[in-house]
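The chain contents come next:
2 protein chains.
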Amino acid sequence: MNNRLILRALGIMLCCLAVAMLPSLAFSIVDASRDTLAFLLSIIVTAVAGFALILIKPGTMQVGYKEGFLVATSGWLLLSTFGALPFYLSGILTHPVDAFFESASGFTTTGASLIANIEGLSRGILFWRSLIHWLGGMGIIVLTLALMPSINVAGFRMFKAEVPGPTKSKVLPKVAQTARELYKVYLLFSLGEFILLKVAGMSWFDAMIHTLGTMGTGGSSSKNASIGYFDSLSIELIIIFFMILCGINFSLHYSVMKGNRLAYFKDPETKVYLGIIAVAVMLVSINLVNDLDYGIDQAARLALFQVASVITSTGFTTTDFYQWPDFSRFLLVVLMFVGACSGSTGAGIKVIRLLIVLRALSNQMSRLIHPQAVIPVRLGNSVIPQEVVQTVQNFFALFIVCIGIAVTALLALGIDLSTAFMAVITTISCLGTVSPATMFADMPQVAKLILTFCMFIGRLELFTILVVLNLKFWR
Amino acid sequence: MNNRLILRALGIMLCCLAVAMLPSLAFSIVDASRDTLAFLLSIIVTAVAGFALILIKPGTMQVGYKEGFLVATSGWLLLSTFGALPFYLSGILTHPVDAFFESASGFTTTGASLIANIEGLSRGILFWRSLIHWLGGMGIIVLTLALMPSINVAGFRMFKAEVPGPTKSKVLPKVAQTARELYKVYLLFSLGEFILLKVAGMSWFDAMIHTLGTMGTGGSSSKNASIGYFDSLSIELIIIFFMILCGINFSLHYSVMKGNRLAYFKDPETKVYLGIIAVAVMLVSINLVNDLDYGIDQAARLALFQVASVITSTGFTTTDFYQWPDFSRFLLVVLMFVGACSGSTGAGIKVIRLLIVLRALSNQMSRLIHPQAVIPVRLGNSVIPQEVVQTVQNFFALFIVCIGIAVTALLALGIDLSTAFMAVITTISCLGTVSPATMFADMPQVAKLILTFCMFIGRLELFTILVVLNLKFWR
Ligand SMILES: [K+]
Ligand SMILES: [K+]
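For the protein sequence lines, the chains are F and G, in the order given. Oh and the first sequence: position 209 is 209 in full-length UniProt numbering, straight run, nothing missing. Oh and the second sequence: position 398 is 398 in full-length UniProt numbering, straight run, nothing missing.
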């Protein structure tokens, strides 16, 4: 294990984090807010820790998957810990576990909050809550690139030449180069949404907050009523558009920008993803019209926003969908599991994994009918290697096993079944939105730690963390 | 497809069914019950249909998996249809769908009932409800033997020599011979439980009913309060013992009887199955003591009975466990998924499948740490072939997909979420026991048909039916 390089990488992350706190400090100073000292202290502590680690000289630049898994796991953990300082030092959350929960919920782009009245927060804190979503989104893009050839099916397309896995010497330069390209897309989208939201009537601060919340699919708002506060069709449509966009593989976006304009429509995952959204919006609309006597336009508007928000695991809302009829609620729960596309900033199981699981299933049927036939699993024009199919099936099983264990643990803590279930799936799918909004705040600290763990494993695609927790990893 | 042989086999089944109705007719005559005519008519109709089919001359005795899948699917369907006649003709259930639901619930050993007051039924009908459980259990044993090499992991052990699948000419004699041996075990257990229950104080009729209900893991009782009615520790212990026994692979029982006394303890599936029961009983007991202030002896007695009943998908009860705290209820729901051992008469996913899914998962972890290592999935001393692992993973995914689709369908019919969920998992796991007992009776007919379908696919291990429903099957 290349420990020196790992520690140095963590040091660089912390220094970046300290820099990222500067805008919040600026807001606090401008507003003469009492959070100024909290941000100042947070920056000093984070920067000092960062510089201390950066001083470590890396012996070699060699890294492999093991280093990658460890950097990702400890990176998210460390950033969440230092990112919690502003929440704790400002006194907004008085228990360290609460501050850690709030911060982890940000970096994992979950957006579950322990703060009941968001509108009472200072601009510095509000900006911090949203910025860490945006940073989390950037982290996910590079994670997908670097580690996913081994555990994510998006990777197998991007790194086709290197399957079954890039060699040690090739990983770093290739990842860095591709990450740079994708970050351009990410920045371009951010700029685009920001301008459009401003034009549609948001204040420049709100436009910024909601742009940061959309891009990483984090979903923290500056308003208690989320997007419902603005009551504006144009704002909703802009956010819907960018939520759906951020749920698509960023390498496809890059491909489209490079002139391959039909890339979206040639990609089987994107087609199914858009298809699922269309069908879900239709079913929910019909259900709302029938059961709640909504007009079809009102129903469709509400359905489209909530479906896009849930499938991309963003978590912005324009209504409390927990009050919807059971049929619609269940569909939304299914969408929480489904998630967006691989290589996007969305979380959940991901459309491509479900596609592969279902294709493998239908292959099984054919094999039972024609036992001699060996049929490879296909997706579009490409054959999915057997190892990838297995990894996906294991991911699917692991997702369900993790939910089962977490729910059992919460029940053992005395939390009731429906609360436990919703808490676990909204955190493991990194959706974050729950009803009532104070649900997490009422839980015991141990439950919050369990749910923080759910956010981490959900965001880091389960294997990244669980591999590191495996004793064999350390031998 | 060997259509003639299939039709003839179905004819033989119907003739056996007509014979199986004779004891109920006898009870009706002895009791001078008004159900006499119903049984007489049912026997005549069933026998005539059976003889008509039996007259078909089979061209050849060649059968393969396709014929096997078709016989199993159409056999269970046909028996459930003709087995519904007594319920319908006696006027106990006035709608054909209701009678079909009750009968299918019997043959699939589910035991979900539309009849609220069981104690008001005649002995003929009571006997019929329990006998079809017993026959269903016999059917499952032969199904496991005949088809499972292709879809059940129990089969791969029994038919090791013939993997990846027995050749056409070998299947029939081998299955018939092994089935005869296993039926001896089944009869012996039945006799044993019957005598013990009689000795423990049950009337000979009740002893018979509850023996028939235990062996096939059907769980229909002659009392509204199920086993709780008898309020007898010895009766409970006898039934617990036989429920757990019927949840173990019957080929292991045979092996033990042949003198291999340690067979149970050498079998990894049986060890884990007994381990799960022990842990679940402990956890539920603690929960009952803590939350309901039960004494430890009372808690353990209730926990042991309910856990054994649920994991084996029998469904006898000594208390309404739906009133238990959420933690215990959730554990029982998990046990519904787990199910008993492969090759037993219990339903559910089966312990061995979960073991294989978990082993494949832990292998995945090792592969992520040491990408070069190719580690086969092991269980005890044997290596599980990769095709079996895949089949199991597909089974697991299919189980969850089916539950999702069925729940969505029930919700679309306006049934509330928790009712829909419990109805689907108690039918697909062939447990049958729900609370309130009238839950199924209040549902629309379409919902009952959906749930009947769940019972069939759950009992016939999903693939058996779904393969036949695949269009490619018929080409
Ligand atoms: K989110
Ligand atoms: K049952």
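Heads up, a few of these hints could be off.
Any copy, or any two copies together, can satisfy a pair, since identical chains are not distinguished.
As the list claims (entries may be wrong) - Computed cross-link-like contacts, DSS-like style, restricted to lysine-lysine with a CA-CA straight-line distance of at most 30 Å:
| # | residue 1 | residue 2 |
| --- | --- | --- |
| 1 | K198 | K66 |
| 2 | K472 | K66 |
| 3 | K198 | K57 |
| 4 | K174 | K266 |
| 5 | K266 | K223 |
| 6 | K223 | K258 |
| 7 | K266 | K472 |
| 8 | K472 | K184 |
| 9 | K66 | K266 |
| 10 | K472 | K271 |
In case anyone wonders, no lab produced these hints; they're calculated from the structure. Every value quoted in this text rests on a predicted model; they were computed, and no experiment measured them.
Hint check results:
{"no.": "1", "hint": "K198 / K66", "result": "neither (44 Å within a copy, 64 Å between copies)"}
{"no.": "2", "hint": "K472 / K66", "result": "within (11 Å within a copy, 45 Å between copies)"}
{"no.": "3", "hint": "K198 / K57", "result": "neither (46 Å within a copy, 81 Å between copies)"}
{"no.": "4", "hint": "K174 / K266", "result": "within (25 Å within a copy, 51 Å between copies)"}
{"no.": "5", "hint": "K266 / K223", "result": "neither (39 Å within a copy, 62 Å between copies)"}
{"no.": "6", "hint": "K223 / K258", "result": "neither (37 Å within a copy, 73 Å between copies)"}
{"no.": "7", "hint": "K266 / K472", "result": "between (41 Å within a copy, 27 Å between copies)"}
{"no.": "8", "hint": "K472 / K184", "result": "neither (38 Å within a copy, 48 Å between copies)"}
{"no.": "9", "hint": "K66 / K266", "result": "neither (34 Å within a copy, 37 Å between copies)"}
{"no.": "10", "hint": "K472 / K271", "result": "between (40 Å within a copy, 25 Å between copies)"}
When held up to the earlier numbered hints, the structure conflicts with 1, 3, 5, 6, 8 and 9 and fits the remainder.
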